[in-house]
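Peer 1: Next come the chains, spelled out residue by residue.
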Amino acid sequence: MATRILIPTPLRPYTDRQDAVDAEGRTVGELLADLTARHSGLKAHLYNDQGRLRSFVNVYINDEDIRYLQKEQTPVKDGDTISIIPSVAGGAPTSAEVAAGRPASPGAGAGDALPELSNEEVRRYSRHLILPEVGMEGQRRLKAAKVLCIGAGGLGSPVALYLAAAGVGTIGMVDFDAVDISNLQRQIIHGTPDLGRSKLASATDKIKAINPRTDVKGYEVALSSANALQIFEGYDVVVDGTDNFPTRYLVNDACVLLGIPNAYGSIFRFEGQASVFGTAEGPCYRCLYPEPPPPGLVPSCAEGGVLGVLPGMVGMIQATEAIKLILGVGEPLIGRFLIYDALRMRFRELKLRKDADCPVCGTHPTVTKLIDYEQFCGLRPAADAPAGARATEITAVEFKQRLDRGDRLTIVDVREPNEFQINRIAGSILIPLGEVPARCAVELNRDDEIVVLCKVGGRSAKAADYLRTQGFTRVLNLRGGILDWIDKVDPSQPKY
Amino acid sequence: MRVTVRLFARLRDIAGAGELERPIAPGATIASVWRDLAREYPDFAQYERSISSAVNLDYARMDRAIADGDEIAFLPPVSGG
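Chains as they are written, first to last, in this note's numbering: chain A, 63 to 558; chain B, 41 to 121.
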């Protein structure tokens, strides 16, 4: 009994250009063995050196992925149709697209649609071209590819530099910040002469210096639900190098909704994480972390600190994954979560699965369009929340006015002692966030008006919430923390 | 019966160690190991809803049963970039 196997465009050179061929076998494994016996050129494309099915080759039986059935042991019945679907940049194509011979994205599929390389480009990329896994076609795929970096900071810096050097034709960058001196310890795309410049202008110069042919598209905006889909549309891979939870969830959801793979990376002090989310077959960020942490619980790099070389390592993993996805080679970090510990120099890997109940990529998604991510992450009260929620904050300028007026305010700094040594507000007392529960009842008076502060306002918001639960009724959080205070009120103090 | 607990990011800081050995009772789940740790380290409690967990390097939900010798990992999310 012969079974029909649909062959995708990139593999048709090995089947005498036929889009479907017959093979025999009782299981998918037997069928593929028979297929590669009949068309020996396919073997290297379907199996790795160990004789295992390559992870980027997805096999579907009647539109069901065999990995969710019995893998290569999945039995084949009379009349079944098998589709071989290599994953490509821009997400795995549906079997219907492959059957119709339509490439899934401009960077993939039919070789003749790819841009040519000039003689100078051949010389520039010669070390790529002699790699069988890249070659001329792979380099042309890179040239056709469009990669969007979210953030031109610690992670975005190495990502953009290496992707430009590797010959990725279009690099989009989303960032609205200016280069600050505290960035230079790790954001290597920016230099000392760039202080005060827009990060996009600075990054564009460095990318162009490495590779003038790179088409850099800058988006000098705060990524939001209103603009994300429009910005992402048309990109083959998104590289998430943002620094906050609302944007992480926004990038994840937008990638899933558009079917764009997300080369994810994140850092904390000495630890990094990386994975590839948002592919049709693999899990997404929400499968791993369905709920965001409450605001203030997880310190940012500004609050928690970060080893300068750490984003270099993690960003390079993201860039590697982006290139592999574009080329369709190797085993991408799909369904695998890599944890890097720089202090102990250890890599660990967790297996992840797509969560059928995932609200965005599961079988019955409840998130079918972008939502309000600030609200989702608890940073802004819901529209129907009681009015006056904002009255729990005070701005640096208002705070100064009240101090000048002689108002009696207890100022509580909830940072760590090493931060307090760098700068402080005169008259403030230091109670690190972790010590607030033990010390507040002893050292603070419930009837006093209390202003809490930290570096940028996250930890102090948490402290303020806690104090309110303990019966302190007049607690104000200094918005923007001591950094905003220094900017607006006391520029004589150093910032960190 | 004992398990190895691996802690990451803030949880490692709070516990002061990245690897702990803990006894488990018959019928233990990831959640029961977590609850024991949260009693030992009260600051863990606030992470309960936002961590992810794994058994023997395989992502698993909190209700998953665990056995002698298993390695349980708890990972809080991190957002730095």
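Because the hints were derived from the structure by calculation, they are not lab data. Hints are supplied without guarantee of correctness; some may be wrong.
Examples of chain A residues toward chain B, derived with CB under 8 Å [stated by the list, open to error]:
| # | residue |
| --- | --- |
| 1 | Gly87 |
| 2 | Ser102 |
| 3 | Phe409 |
| 4 | Lys413 |
| 5 | Arg415 |
| 6 | Ala500 |
| 7 | Val504 |
Ideal Cβ positions, reconstructed from N, Cα and C, are used throughout, including at glycine.
Peer 1: So, for every hint listed, does it hold in this structure?
Peer 2: Status of the hints after comparison with the structure:
no.: 1; hint: Gly87; in the structure: 30 Å, violated
no.: 2; hint: Ser102; in the structure: 36 Å, violated
no.: 3; hint: Phe409; in the structure: 12 Å, violated
no.: 4; hint: Lys413; in the structure: 5 Å, holds
no.: 5; hint: Arg415; in the structure: 6 Å, holds
no.: 6; hint: Ala500; in the structure: 10 Å, violated
no.: 7; hint: Val504; in the structure: 18 Å, violated
Violated hints for the displayed structure, listed by number in ascending order: 1, 2, 3, 6 and 7.
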